[in-house]
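Colleague: The primary structure of each chain is shown beneath.
Number of protein chains: 2
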Amino acid sequence: MAVYTEVSDEDLAAFVASYDIGKVLSFKGIAEGVENSNYLLRTDQGSFILTLYEKRVDERDLPFFLGLMEFLSSEGLPCPLPVSDRAGNRLRTLAGRPCALITFLDGMWVRRPRVEHCAELGAGLARLHLASGRFHMERQNALLMTAWREILESCSDKIDSFETGLKAELFADLGEIAQSWPDDLPRGVIHADLFPDNVFFLGGKLSGFIDFYFACTDFFAYDIAICLNAWCFETDGSFNITKAKALLRGYQSARRLEPAEITALPTLARGAAMRFLVTRLFDWINTPEGAFVQPKDPVEYIKKLRFHRRIRNAAEYGLEQST
Amino acid sequence: MAVYTEVSDEDLAAFVASYDIGKVLSFKGIAEGVENSNYLLRTDQGSFILTLYEKRVDERDLPFFLGLMEFLSSEGLPCPLPVSDRAGNRLRTLAGRPCALITFLDGMWVRRPRVEHCAELGAGLARLHLASGRFHMERQNALLMTAWREILESCSDKIDSFETGLKAELFADLGEIAQSWPDDLPRGVIHADLFPDNVFFLGGKLSGFIDFYFACTDFFAYDIAICLNAWCFETDGSFNITKAKALLRGYQSARRLEPAEITALPTLARGAAMRFLVTRLFDWINTPEGAFVQPKDPVEYIKKLRFHRRIRNAAEYGLEQST
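Line order of the protein sequences matches chains E and P. The numbers in numbering that gives the first Met the number 0 rise by one with no breaks, and the one at position 107 of the first sequence is 106. The numbers in numbering that gives the first Met the number 0 rise by one with no breaks, and the one at position 210 of the second sequence is 209.
Just chain E, with the same shape it has in the complex (with noise of 0.2 Å):
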């Protein structure tokens, strides 16, 4: 649910005025996303998504993520293309924030995907790491191990509140996933937040990459732990052996994991699940009573790092090793 920012009427004819997109028909906010505000701009030229960035974006942050999405479409990646204006800037500032004008791509995320959409995400991701490798930004991962830590720490003396002795499990497993954590994979430019409501598809077919703003340089193997714990688990909680097995072989149809990600799977599924596990518990344990947007249940994330905490190999996910 996301509209943070209002824009005024004014603000808005001058800010249309600049581009060369034609007249605006209509301008609505989407209840999508909960970094940023949102808008459907919709001309007589086509559609677009305006997005105000909010707080949470690190400013100088945004011409790596632009920049991005517009190589990647280049690419031929199914992902928005930051639109310029006359004057050549495809970032501007609208109502104090800073924001960009975005195609807008068809398609609709789906609520609760299945095997078919695991397996094509999985080819989808692995093209996306073969033409992300070759741009030439970086940026990196600020939410890497000792972050994790760090905000762990920062609410350290609340999490057992939460669930008895929390505390104590969590910090062994970060000492755990630090020892085994890989020194060095195959890496370059990731998502590393491809959750279900980022990508879209149309008649059962992946049509588009949204919400770049977490992608960064890192492992792409980790990118492939974030979509197992996003996407190969039930609401129950159990874990879909047959959507991990489609998400790994649809990957492995366009890229080949090499064995040292293969080995490193399960150290870094675990360390994917601590990535949204202690975000999630901060916003849980620091969203004031009545917030607007509701955080997202930490429990969740908690089951699936005592799952991969299990894991010995990949083969455990359904990775099939062809010689």
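I should point out that these hints are in silico values taken from the structure, not numbers from a laboratory. Each hint should be verified, as a subset may be incorrect.
Repeated chains share a single entry, so a pair holds when one copy, or any two copies, can fit it.
[As the list claims (entries may be wrong)] In silico DMTMM-like links for lysine to aspartate or glutamate, alpha-carbon gap of 25 Å or less:
#1 Lys157 x Glu31
#2 Lys204 x Asp43
#3 Lys22 x Asp105
#4 Lys54 x Glu31
#5 Lys22 x Glu9
#6 Lys204 x Glu299
#7 Lys295 x Glu53
#8 Lys204 x Glu233
#9 Lys22 x Glu58
#10 Lys302 x Glu152
#11 Lys244 x Glu53
#12 Lys54 x Asp84
#13 Lys302 x Asp156
#14 Lys166 x Asp282
#15 Lys244 x Asp8
#16 Lys204 x Asp19
#17 Lys22 x Asp43
We have chain E already, so just place chain P on it with the hints.
Modeller: The following block gives chain P in isolation, referenced to the frame of chain E:
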């Protein structure tokens, strides 16, 4: 900000397949309206709004609302047209909610209406009344004076915690409004909630009326009184007589007010302020802290009520009585 009800992938697919509207291209929740869940549905044949009616709307009223939109459209008024499914049904059920698919209307609502918007609104409202007066269905106004009193009484012990003396002041107002309320005036179906976010403009011209879910059979002049409250005050609480004059002149350009309507206008405007004040007070007092939708501040309408109390005749609203 409104998407209260999520629609599953399967439900949406089955729903769209029962209409002759083509293939779905996108489906997004819209952050507008506080009563219902609204989705923008784009197909290869056009754009539509899918509204899921939430608890506040009485299901038995829906045939009236949908029939009214259809009638007004057929009379050339710019308003959404309900779309029938292949079986001829306009009213359906989706995700456990009554729902309707209506055509998408181009245009934008004006965040800060100017004098020329008020002039357009006045003329448009008169055209709406000329047409809606011929609509064959009736719906009683559920928010008449008796309802105002009931609502106030239901939260009477909390009113003074809002402002000392307010309770006595409001009940005294109720009595005075009741005494001077007109017995009969030209009547027909009125919109009854014509706030700026329910009127679309394109290039300065009124391009659409939306959200007919308070429409009812009542005095036409009461609709004007609601608009005087909703369009002709500045954010600092001051009355802008230039806007009111433009609104009333615009109205009379299409439908001439009768002497009895002119005489009653101050009472109707005072009543309209009371009507929105009591529902805002009720929501303010009864919305649990931390609710998803922030209730609107009643203070704005306390000020408006006090303003109208001092008005002696319609000329003070800028009404020009030509002979």
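Colleague: Determine for every hint whether it applies to the structure shown.
Modeller: Hints and how they fare:
| no. | hint | in the structure |
| --- | --- | --- |
| 1 | Lys157 x Glu31 | neither (30 Å within a copy, 36 Å between copies) |
| 2 | Lys204 x Asp43 | between (28 Å within a copy, 17 Å between copies) |
| 3 | Lys22 x Asp105 | both (21 Å within a copy, 11 Å between copies) |
| 4 | Lys54 x Glu31 | both (17 Å within a copy, 22 Å between copies) |
| 5 | Lys22 x Glu9 | within (14 Å within a copy, 36 Å between copies) |
| 6 | Lys204 x Glu299 | neither (28 Å within a copy, 51 Å between copies) |
| 7 | Lys295 x Glu53 | both (19 Å within a copy, 23 Å between copies) |
| 8 | Lys204 x Glu233 | within (21 Å within a copy, 51 Å between copies) |
| 9 | Lys22 x Glu58 | neither (29 Å within a copy, 38 Å between copies) |
| 10 | Lys302 x Glu152 | within (20 Å within a copy, 49 Å between copies) |
| 11 | Lys244 x Glu53 | neither (37 Å within a copy, 40 Å between copies) |
| 12 | Lys54 x Asp84 | within (24 Å within a copy, 44 Å between copies) |
| 13 | Lys302 x Asp156 | within (21 Å within a copy, 47 Å between copies) |
| 14 | Lys166 x Asp282 | within (16 Å within a copy, 41 Å between copies) |
| 15 | Lys244 x Asp8 | between (51 Å within a copy, 23 Å between copies) |
| 16 | Lys204 x Asp19 | between (32 Å within a copy, 23 Å between copies) |
| 17 | Lys22 x Asp43 | both (6 Å within a copy, 21 Å between copies) |
When each numbered hint is compared with the structure, violations occur for hints 1, 6, 9 and 11.
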